[in-house]
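Visitor: Listed here are the chains, written in short residue letters.
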Amino acid sequence: MKFATKDLRTRRRMVVAGTVVAVVVAAVAVLATTAVSSRNKVHPRRHTVHVAQRAKVAVASSVSSDIASDFPILTRTATASDQLPPTATATWMPEQRVGANASLARLASSAEGATYLIPAQTSVCVKNTTGAQNFCASATEVQAGQAQEVIVCAPAVPSTDIQVSGLLPSSATDVSFTLTNGTSVPVTLESGTYAARFARSGSLPASISWSIAGASHSAPIDVPGGASSESCQPTP
Amino acid sequence: VPANTDCAISPGNPWDYWNGYFLFNAAEYPGAGTVNVCEHTYDRGNGDTVSDRCGNNYKSSETDLEYYWDHSIELSGHAGNNSSTSHTIDGRVTT
Numbered sequence: 001m002k003f004a005t006k007d008l009r010t011r012r013r014m015v016v017a018g019t020v021v022a023v024v025v026a027a028v029a030v031l032a033t034t035a036v037s038s039r040n041k042v043h044p045r046r047h048t049v050h051v052a053q054r055a056k057v058a059v060a061s062s063v064s065s066d067i068a069s070d071f072p073i074l075t076r077t078a079t080a081s082d083q084l085p086p087t088a089t090a091t092w093m094p095e096q097r098v099g100a101n102a103s104l105a106r107l108a109s110s111a112e113g114a115t116y117l118i119p120a121q122t123s124v125c126v127k128n129t130t131g132a133q134n135f136c137a138s139a140t141e142v143q144a145g146q147a148q149e150v151i152v153c154a155p156a157v158p159s160t161d162i163q164v165s166g167l168l169p170s171s172a173t174d175v176s177f178t179l180t181n182g183t184s185v186p187v188t189l190e191s192g193t194y195a196a197r198f199a200r201s202g203s204l205p206a207s208i209s210w211s212i213a214g215a216s217h218s219a220p221i222d223v224p225g226g227a228s229s230e231s232c233q234p235t236p
Numbered sequence: 001v002p003a004n005t006d007c008a009i010s011p012g013n014p015w016d017y018w019n020g021y022f023l024f025n026a027a028e029y030p031g032a033g034t035v036n037v038c039e040h041t042y043d044r045g046n047g048d049t050v051s052d053r054c055g056n057n058y059k060s061s062e063t064d065l066e067y068y069w070d071h072s073i074e075l076s077g078h079a080g081n082n083s084s085t086s087h088t089i090d091g092r093v094t095t
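Chains W and U supply the protein sequences, listed in that same order. Numbering follows this note's numbering, with no gaps: position 174 of the first sequence is 174. Numbering follows this note's numbering, with no gaps: position 12 of the second sequence is 12.
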């Protein structure tokens, strides 16, 4: 399906709520005879696929108790600054899968754009207006330090950098990354959110550690192995 | 998908046209437990990566592909397994 340049925006509005084509990639059993691409090259595609549809999840009507416990900011009275700009929600389709409710959002950080916490049915989402943070996580993932997004390449991140962002319970203290060379880098937590950039050519984060009520915790940061050599398209 | 690799999400069959113009690319682990996945989208013109985002169980390209959609630039959507063991990973392209 090719699209003419003319009227693309109109066409996008028409189809953005439309077709979702899902394909299942590569059953392990057939991988011995299939070609797998390296991270930096586009190779022929030989994987078995089929179509699947995923139903939307009903929008959350309130903040779940476990999410509220991790992020008390979500229970404070809303102010004008908590309202997401329309441009931030216009193409927010992926989060429909978890029932995120933008009307329950709270502003968590104003560093580099605005970062919002947005309650969903059984999780909480993070959205930054620059596009540099977009993910959702359950309370279990937050408490385990697994609420993370690693951006190897994206228009909102300089092509020379990678970005690691995530969520921890907002009561966490002494938060720091440990880099692959053993260096510890302190992390600023704002209402439970964090984000940091690292030069692709340097040491990258291997883990994050934090304390809650005197107990120490840590979790790995899953930076893909090829991140250092990734050839990212400069921001168009 | 083997450990720490990614795959094109279209097999060169009638779905091949999705390996062209799309607005979102996503990777999802459909099973139980937690698996780190990556969506990985390339510019078919020069092979550079346009969007590569990784997270646990689900990751989409969010708004990264809007410019390419608006300018009819061909892309290649991949779904990746960013874990140390083999898993089935769903790839999903949306227009």
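Hints were generated in silico from the structure; no laboratory data involved. A virtual CB, placed ideally from N, CA and C, is assigned to each residue, including glycine. Mixed in with the good hints, there may be bad ones.
Chain U is nowhere near these chain W residues, computed Cβ spacing over 10 Å in every case [unchecked claim]:
#, residue
1, Ser61
2, Gly99
3, Asn134
4, Glu141
5, Gln146
6, Gln148
7, Ala154
8, Thr160
9, Thr173
10, Thr183
11, Val185
12, Ser216
13, Ser228
14, Ser231
15, Gln233
Computed beta-carbon distance windows for the label pairs [said to hold, decoys possible]:
#, chain 1, residue 1, chain 2, residue 2, range
16, W, Ala213, U, Asn46, 27 to 35 Å
17, W, Ala215, U, Glu74, 47 to 55 Å
18, W, Ala215, U, Gly45, 50 to 58 Å
19, U, Thr34, W, Ser211, 19 to 27 Å
20, W, Val57, U, Gly31, 12 to 20 Å
21, W, Thr160, U, Tyr67, 45 to 53 Å
22, U, Gly47, W, Ser203, 33 to 41 Å
23, W, Ser229, U, Thr34, 39 to 47 Å
Visitor: Each hint: holds or not?
Guide: Verification of the hints:
Look at serine 61/W: its CB is around 23 Å from the nearest CB on chain U, clear of 10 Å, so calling it non-interface holds up. Non-interface call for glycine 99/W relative to chain U: holds, since the shortest CB-CB distance, roughly 14 Å, exceeds 10 Å. With a cut of 10 Å on Cβ distances, asparagine 134/W falls inside the contact zone with chain U, its closest approach being about 4 Å. Distance to chain U contradicts glutamate 141/W as a non-interface residue, since its nearest Cβ pair spans about 6 Å, not more than 10 Å.
Not every CB of chain U is more than 10 Å from the CB of glutamine 146/W (nearest about 5 Å), against its label as outside the interface. Listed as a non-interface residue, glutamine 148/W fails to keep its Cβ farther than 10 Å from every Cβ of chain U; the least gap is roughly 6 Å. A Cβ of chain U approaches the Cβ of alanine 154/W within 10 Å, the least distance being about 5 Å, so the stated non-interface status is violated. A cut-off of 10 Å between C-beta atoms confirms that threonine 160/W is not in contact with chain U; the least separation is 13 Å.
Threonine 173/W, annotated as away from the interface, keeps every beta carbon of chain U farther than 10 Å; the closest lies near 24 Å. Under the 10 Å C-beta cut-off, the non-interface status given to threonine 183/W relative to chain U holds; the minimum distance is some 22 Å. Every Cβ of chain U is farther than 10 Å from the Cβ of valine 185/W; the closest lies at roughly 19 Å, confirming the non-interface assignment. Distance check for serine 216/W against chain U: the nearest CB is about 21 Å away, which clears 10 Å, and the non-interface claim stands.
For serine 228/W, the non-interface assignment is confirmed: its Cβ lies about 13 Å from the closest Cβ of chain U, beyond the 10 Å cut-off. Distance to chain U contradicts serine 231/W as a non-interface residue, since its nearest Cβ pair spans about 5 Å, not more than 10 Å. Non-interface status of glutamine 233/W relative to chain U is broken: a Cβ of that chain comes within 10 Å, the nearest being about 4 Å off. For the pair alanine 213/W and asparagine 46/U, the supplied restraint of 27 to 35 Å is violated, since their beta-carbon distance comes to about 51 Å.
As the Cβ distance of alanine 215/W to glutamate 74/U is approximately 51 Å, the hint placing it in 47 to 55 Å holds. Distance hint check for alanine 215/W and glycine 45/U: the Cβ-Cβ separation is about 51 Å, which falls inside the suggested range of 50 to 58 Å. Taken as a hint, the range 19 to 27 Å holds for the pair threonine 34/U and serine 211/W, whose Cβ atoms sit roughly 23 Å apart. Here the CB-CB span from valine 57/W to glycine 31/U is close to 19 Å, well matched to the stated 12 to 20 Å.
Taking the beta carbon of each, threonine 160/W and tyrosine 67/U are about 19 Å apart, not inside 45 to 53 Å as hinted. A hinted range of 33 to 41 Å is violated for the C-beta pair glycine 47/U and serine 203/W, which are about 27 Å apart. For the pair serine 229/W and threonine 34/U, the beta carbons lie near 26 Å from each other, so the given range of 39 to 47 Å is not met.
Taken one by one, the earlier hints fail for this structure at numbers 3, 4, 5, 6, 7, 14, 15, 16, 21, 22 and 23, listed in ascending order.
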